[in-house]
Amino acid sequence: MALLYPELLGTYGDRGNARVLVQRLLWRGRPAELVEVNRGDVPPSSCDIYLLGGGEDSPQAMAAVELAVGGPLERAVAEGAAVLAVCAGYQILGHTFCGPEGVPLPGLGLIDCTTARGKGPRVVGEILVEPSIGTAVPPLSGYENHAGLTRLGAEARPLGSVLAGVGNGDGTEGAVSGRVVGTYLHGPVLARNPALADLMLSWFVDHLEPLDDGDVARLRQERRQAVDAAAGRWSTGRTLRRASG
Amino acid sequence: MTAVARPSSAHLLSGIIRGISAVSRVTGRGGSVIGGRIALHLDHGALRRLASDRTVLFVSGTNGKTTTTAFLAAALRTAGPIVHNMTGANLKTGLVSAFAQDLDAPMAVLEIDEAALAPVLEEIGAAVVVLLNLSRDQLDRYGEVRMTAAKWRRALEGCDGVHVVAYADDPLVAWAAGAAPAVTWVSAGQPWRMDSASCPECGGRISWEGEVWSCRCGFARPDPDVVAEPGFITLAGGEALPVRLQLPGRCNAANAAMALAAARVVGVPPEASVAAMEAIVDVAGRYRQVSVGSACTRLLLAKNPAGWNEVLDFLLPPPASVVVAVNARGPDGYDPSWLWDVDFERLGNRPVVASGERALDVAVRLRYAGVPHEICPDPVAAVHRLPDGQVELVANYTAFQSVLAAVGRD
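Each protein sequence line maps, in turn, to chains A and B.
Heads up: the first sequence runs through residues 673 to 917, numbered per this note's numbering.
Heads up: the second sequence runs through residues 135 to 544, numbered per this note's numbering.
Bound-form chain B, shown alone:
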């Protein structure tokens, strides 16, 4: 491949992808994946060609990918144009489509599926990789979470020049990131510990003192360079920056700290990142307030026990009603057994509706949790059944997409 041919073929690819994506969008099929799929079919090297000479930042992990990527994109836009897969199309096809949006943008901020990260890193490398967390999710698809950590670790070992921003409080992430040449460690607490009971290094028992974990083999939580606490992000050796996010919860404070640290690696001052992140009110429809009938409904996404754990922490208290909408399609995982790892006991004393295509699984779980509920498989109809006032509609991935399509448009 000559230097002359490369840009022209990249332009041709980009034109094809954007053309197909536009047609696909107009015909109502959604545009973010199909163009990439066809481009990869025409040219197996499309991803490498489109990514070359750009600063690429990847964000991966079980929970918080889309939000952290949105935070990071907002921070980086203060410095110049970027490409960003904002609709969450995070497999190789979605990355190709995102790169094709703007061939002149010098930076790419891309969320990437946990299983796709290792092969894509081996193919194109990256300047920055943000590793958020790893916990049980879609076990029928990803298999076991330790295997994902092992694949990340191997890919990072061979990734020259990469700077990893890693969540120090998650032992699996710390182990995967430990292989990278340069790491910025972030701490914001780890309430979900069911997937980090044993040491990824030696198999021994991990013990915790507050947020600091360690194993007898010597593997222990790295000292954090960036710490998020309620209302503040503190950089090592610096002062605490006040942060007033509009997105709720400990998880979003953690996501913001990760994004701030990653933006700093490519030269964005922390103050500029904070201002950009504070302006974000919703991410791909999540946290959006919509009116359904006479109810004011907040749309929330929770797709696994760790995610639900975070949502239960910031859910509005009773009398706000709750709709629990669960599907079990491919992107959700076909097995909703994980509902039994969620503390639905905490929902009590308010109107609750079991919803989604697997409303009956939710209903059985709620019954054993002692939470009185109605059953209504259509999440929007479920909201209509509830008393006026605030409704918290918590849905997993495809259930959320269906709600967004029905009521979520601005």
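Next comes chain A alone, as it looks inside the complex:
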């Protein structure tokens, strides 16, 4: 596993995603190693999963510049590696994203999407998503905090549809393109959603035994109730799309 530029893209506890992936392998007696890639370092090309987190506008632009040099991430993905990119990290994987002072900047183009600043206020709040990835992934729970909204192109499909919250801004949330996953969910997303963590691990490791995720199940239930209560309170305010049934 490689955690890319946590000093630039790591504002919202997203380094936790790396910890979750490593720990879920170690608990199963499988080997796992985490490499932290800092500014000025060239990311190794031999990792299975690359992780990018959220961050502020100018560090986001710097991370995009770092990653553009020599195209290490594109090469790793072409050779079968997976990427989990959150928030600012998700945005820089698209064709363009919104840089400091609102200037559009080129991204890596690993996901067919573009991000521009939304017209409304910054999107901040609990989010719940019906995933369209894997076969056994229950609704994704997280917290979103972003100004940009993302439009997917034909080559990318959404990670899921929004049950409560905003996500990409058009009722969809995140993006999946092969093994590249982008999302607006913090929490961190893999801590709140161990099924998504195990799905990504299953791309590289066979026969993952189930783990006791009782505490996470309780947390997920509590967050679900909080979202439902907020939906009841604000049903005329925020963008809400309730799942049928």
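Each statement offered as a hint is correct.
If you anchor each label on the Cβ, the simulated ranges turn out as follows: (1) A:PRO772 to B:GLY292: 19 to 29 Å; (2) A:ALA901 to B:GLY344: 47 to 57 Å; (3) B:ARG519 to A:VAL741: 46 to 56 Å.
If you're looking for bench data, these hints aren't it; they were derived computationally from the structure.
Virtual Cβ for every residue (Gly too), placed ideally from N, Cα, C.
Put chain B on the given structure of chain A with help from the hints.
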């Protein structure tokens, strides 16, 4: 507004505020904000009117505001009467209430919210502004920490006659303070560097050699005028003053150095400041020892990764137990993702309870940290579950307030 009308309207305002605050306190609603809110509603210029002709000292930053303000207030009281928002009501309403406490006090020592500092400086200015540190905190409310630094910088550029006491080891603070006409630079180390990886001036990479940071663009740590080391504060060109604080940790040594430097700007001799600061044993309930059942419990506040980092440094070693109490209400920030930026791995080998309204978030974090724990959302009940002996109860803002209300009264 004539010279004759101003004092009388200030007295009227002050009377209204103190009257409302007293009623509010008696009816159990807390008194520090409501009076100020009503006063501002009646008179939008209330803050300027109440602050006029006084020497105003502001203290702002992510961590250490309340403690540094308490240190500074103690130092300044050696020279005369002051007003001070000691309960931590640090928005404009709280400032108005604090000013109204005593219209004759010539000095005001006020902690101020990071986001409130720039507009308040533009409105009333200040004699001294103490800038402690800036790090990630309540991201859903403040937004990004760089924006706060930029707002401080703009406000200080236009602030005539202000003297800034700034923390030289924090690049964001140094950048914001660099715009001020006069600065005293303080150094006491910067263990938390996750929010200062890139240069606020040019965006380049900041490199560190010990505590001295620099960027290729030439922006670098200013030479400190005041340096805090364990047990000593040294003034440039002077000798090292021995300091024996009762409050623990590197962070409080830094806070004391900042307060000493600020007090010196308004004429308080460093020796007098040190003596006053050494007498402080608790600040708004923080560091207070209370008895809960048969456990001796120390109440500690930590509300973000940088703050937790400091607390983990001075936490009593095992077998002392630990309660980690986390809420996610408005004043805490609604998103507790920051728990994953705290090295809870360092807690190990002692009884630990995950607590607060977000006990389950804490529990999941502790599980991945490999720290065995129980879950008990009520922090006081959590202490009762622990073995006799010393308990370190570490809570974030509203969780701390709830603990204080339950067990913290003297």
